[in-house]
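Trainee: Spelled out, the chains give:
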Amino acid sequence: MTPSGSLLHAGGLYKAYGATPALDGAEFSIHPGEVVAVLGPSGSGKSTLLHCLAGIIQPDRGTVRYGDHDLTAMTDAERSALRRGDFGFVFQFGQLVPELTCLENVALPMRLAGTARKAAEAHAREWLERLEVDPVAGRRPGEVSGGQGQRVAVARALATRPRVIFADEPTGALDSLNGERVMGLLTEAARATRAAVVLVTHETRVAAYSDREVVVRDGKVREAVTTG
Amino acid sequence: MSIGHTLLGLLESGPRHGYDLKRAFDEHFGHDRPLHYGQVYSTMSRLLKNGLVEVDGVEAGAGPERKRYAITDAGVTDVGQWLSRPEKPEPYLQSTLYTKVVLALMTGRDAAELLDTQRAEHLRLMRGLTERKRQGDLADQLICDHALFHLEADLRWLELTAARLDGLAQTVHG
Amino acid sequence: MTRPPHHRPAPPHGPAVWLRDLGMGLRFAAAGGREGWTRTLLTAVGVGLGVLLLLGAASVPHLMEGRQERAMARQILNGDDPPRASERTVIAMDADTTYHDQRVFGLRLYPEGKRAPLPPGVTAYPRPGTMAVSPALRDLLASPDGALLRERLPYVITGTIADPGLVGPKELAYYLTSDVPLKTEDGFRLTHFGADAFGDQPMSPTLLMLIFIACVVLLMPVAVFIATAIRFGGDRRDRRLAALRLVGADVATTRRIAAGEALFGALCGLALGTALFLLCRTYAGSVTLWDINAFPSDVTPLPALAALIAVAVPVAALAVTLFTLRGVAIEPLGVVRGRTARRRRLWWRLPLLVGGPAILLVSGPLDPRERGVGAYPAAVGAALTLCGVTAVLPWVIEAVVGRLGRGPVAWQLAVRRLQLSGGTAARAVSGICVAVAGALALQLLVSALQSDFVTRTGQDSGRAQMTVSLPESTGAALRRAADRVATTEGVRTAHTLVGATVARSGPLRKGEKFAPGASVIVGDCAALREVAQTGACHDGDAFLATRGGLAVDAATIREVARPGGKVLLNADGDTGKPLGTPRLWTVPPGTREIAARKDPTGQTSLGILATPGALDLTRLQDPSARVLIRTDPAVPDGEEHIRNAAAALGPDASASTVRDTESDAQFASVHTGLLLGSTVTMALVAAGLLVTTVEQLRERRRLLSVLVAFGTRRSTLAWSVLWQTAVPIVLGLALAVAAGLGLGAGLLRSAGKAAYDWSAIWPLPLAAGLLVLLVTVLSLPSLWRLMRPDGLRTE
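Chains as they are written, first to last, in the numbering used here: chain A, 1 to 228; chain B, 1 to 174; chain C, 1 to 795.
A few chain C residues that face chain A, going by a derived Cβ cut-off under 10 Å, partial list only:
(1) Pro-408
(2) Arg-416
(3) Leu-418
(4) Leu-420
(5) Leu-703
(6) Leu-707
(7) Val-708
(8) Ala-709
(9) Arg-713
Restraint-style ranges between C-beta atoms, simulated for each label pair:
(10) Leu-177(A) x Arg-85(B): 20 to 30 Å
(11) Leu-177(A) x Arg-156(B): 13 to 23 Å
(12) Ala-74(B) x Pro-41(A): 53 to 63 Å
(13) Leu-350(C) x Arg-139(A): 28 to 38 Å
(14) Gly-5(A) x Arg-785(C): 33 to 43 Å
(15) Pro-41(A) x Phe-149(B): 19 to 29 Å
(16) Arg-698(C) x Ala-77(A): 20 to 30 Å
(17) Trp-784(C) x Lys-118(A): 29 to 39 Å
(18) Arg-698(C) x Gly-128(B): 44 to 54 Å
(19) Arg-139(A) x Phe-149(B): 31 to 41 Å
If you are wondering where the hints come from, they were derived from the structure by calculation, not from laboratory data.
Virtual Cβ for every residue (Gly too), placed ideally from N, Cα, C.
Just chain A, with the same shape it has in the complex (with noise of 0.2 Å):
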């Protein structure tokens, strides 16, 4: 079990890329229905502490807890069922499959889930309006606007009803009033429904919406010290 509680706990990570490590001996936990922004400056580990904490990577060493799942124990399959079920991602930019119209982009990890295409395209409708975007729902990507296309990618990461959400820079390529959209819906919806909110950003604008920070220096994770 993860300790006292916490949803998501990663200890003791090492992740190296050729000589340099990304990161070394991170620590990380996170509890449901918890935002956390992690902070750090360019090239500190951020992303690669979310690829691990998402079993998108394995670390080369320590250990990534889920639950009762140990994720650095289990096989590419069974992590990517993981994934597919509890996790969803918003990334900054280049996500959404520019041969699909928005609506199947919403429902295509409900339709990898095994889902029925009627019942995740109707399912995907709820969650674009939820989003205010069902106005583009049957448009490609490549025809909507950027904030649109990104509150789309939200939908997505929500309409599977994931336990934990990964953001990686999500308003990385938005202006101010977008990304305080896609924000606001993304931190309102993940709280309703009580999903972890991982949320690596550099702004700190953006860190505000969350609950707690982090920061991440040199590979490491220093925890906010807090002053009262």
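Dock chains B and C against chain A, hints included.
Mentor: Structure of chains B and C alone, referenced to chain A:
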């Protein structure tokens, strides 16, 4: 901030009592520092003297809160001129944060620690502002945005400073 | 206030602009960093492979000519006027043999003087009783595989036949110097080796048409492939060009720069192709395909064709690039493809496809007497049809994919992608489709023509698998020789038929210049049953085979031999008079007339048949014999044992295999060429398809990583790749089959044939289908590699 111009601006949408003016000011601009009646009184009498406002009517009783003020044409022109005049940018060179960082370095303290602590504090404040923005009306949002951007700018400066720590250390010691 | 005019240097114009922009393109391609190099390399490899194939094709005429010349140079022929024996003559005898279905060229030579002419490839005659061999034969004889051949050619090797004496470097050949004088009737007395070419035997127009079409069919896919290769990495190039527009290049300039880049790739490809060609050439000798292998010096392209390739490839690169860019607007902020705005039109595409077969149908059947000319419309028609396939295919794919229904996720991903970029998909597969359509038409034509060129020999390999012919000798010697053959390892049953000529006994009749003669065959009842329907037969019986052949022959036989009458056994073949004392044989009185039957080698001969009890074969004059052999399939190399046994009986004894069919040599070589060409072309096109597929995957690297991040199964993506390739291929193949059948019908009509051989159709689409599967499988490793999360990093 020029309280005179702000009050003038508030009058432009229609005549108000002194009491209304204070309330409107507090509501839109005075979240952190409410206006004292005395300030309203002194400001309005200065504006009256300069011919930018006139008394529109007086209710029974005494004190500025009983007078109804209206803006004059000269007042409207003045507000327009004020709005179109750029504010003098004020570099933050003398800010307390800068002083603290330099002092920390000079006294051999851990400046990174200071920055992290300060960021946590900034973020705490920013979370509050973000929350208030979510629940507030447009005016709230605008004000919170303003504060948030300033705080963010502070933090970005802090982060840049953190990145420059080495160079800064050399400057201070050298 | 008026501004002073700008004083800028006048911009270059005309050809100078072209040179400047092409040059800039060349520089971009050459110095475009890693991405630029990858693209150039891909194009260069693609074009290089195409050039290699083109140069290979251009070398075929010289290759064939070289082989032909050397084959003619060692011919032994002396025409009508044989020279007299002298210091300068040699008697040469054909001594070819066959070993494990491989032909071994051999000459048995007897130089009659010191100045006898030398056969090509040697500087001196081997010592009498020894032989000179080709390097390949030397190796074979030295290896365990050659043990049985060693028995047949037990002579000491004292020399090597050099290249001028060999058709190809791997040819098996030997020159044997006989230690006994050869008889001139067995061979030829020569003053020089070699014969003038028989004069170019004009090819039949049908065959010529076949060759023309084969060239069109085999080279069109190469052209399509080169055009595809030039577009490798085009999307990324377009983005780079967009950046150029941003800094102020106009549309025309960017197009010229793009053309320059393509030109660079094509020139690199040309260089690479030439280098590959030179490299492959040195290995030409070590590869044997369909019995053909060649000396490097033979593999030389015709200069005119080589020059054409050197010019056409870069020009094609320019043309293709400019043509592709016509539908693409490169704007400063990105690339706008014309595809959404402009639907593909059918009106100009369809006539190409339909026009090809139409030309063939209109031009009508070839006139066999009008050599050559009639083949041109056929070639034009075929080329048109194949162009039509490439033109119609994008339209078909667009039209069909747009209507495809929904399905599983993998299907949905593939279909949606095809809907957005059907053109790319069409490009990738059009090479294969053109190859299939063309090859299909050819197959139809070839299989229809097969009956014209493949003749049934009339032999029946069910009754005998080999025959051994024994030369004229004495009856007793023949019997011994036949017994030796019959007891050879690998023989199951052997029937010996001893033949000779007999004449009517008695004086010449009025008006006769010589006494009529007939052939007599002596063999036991089982042997006689192979050549006639004897009915009941016992030793001591004789028969007259008079039915089943020409009536004239039957009449002669009746005249020569009457039951109870006498025939002259030792007649002079020319005069019919007895050689020395007349040797007479009485035809048994009860001799019946029966019907002759085709023997296993397909011959029917009328004549007198006698069992040894009726006619003692030692009494025959100059008899010769044939042994009909059924081999024992259980004995390995039985055929070679029998050949060895025959060879041991002397140079004149020969063993041959009974074959049911025999194909015309010219036709056979065209057919082989076709097979070879189709194989190489298909492989090449598949290679191109692979590059395109991997390239597409590379461009979607980030997307693939994202899909993996949210848990997409590998199999889903693999299926999607398969569908994405398979759907256009299936459509393409359907079109190819239709076009191929149409073209085939037209060609058949030109060739004056009507019947389709449907069995010729299915292997090609099947092969193409397998290729798609193969390409998908081969692209999977790079899919797995690209699915790693590296693509998520946002550098």
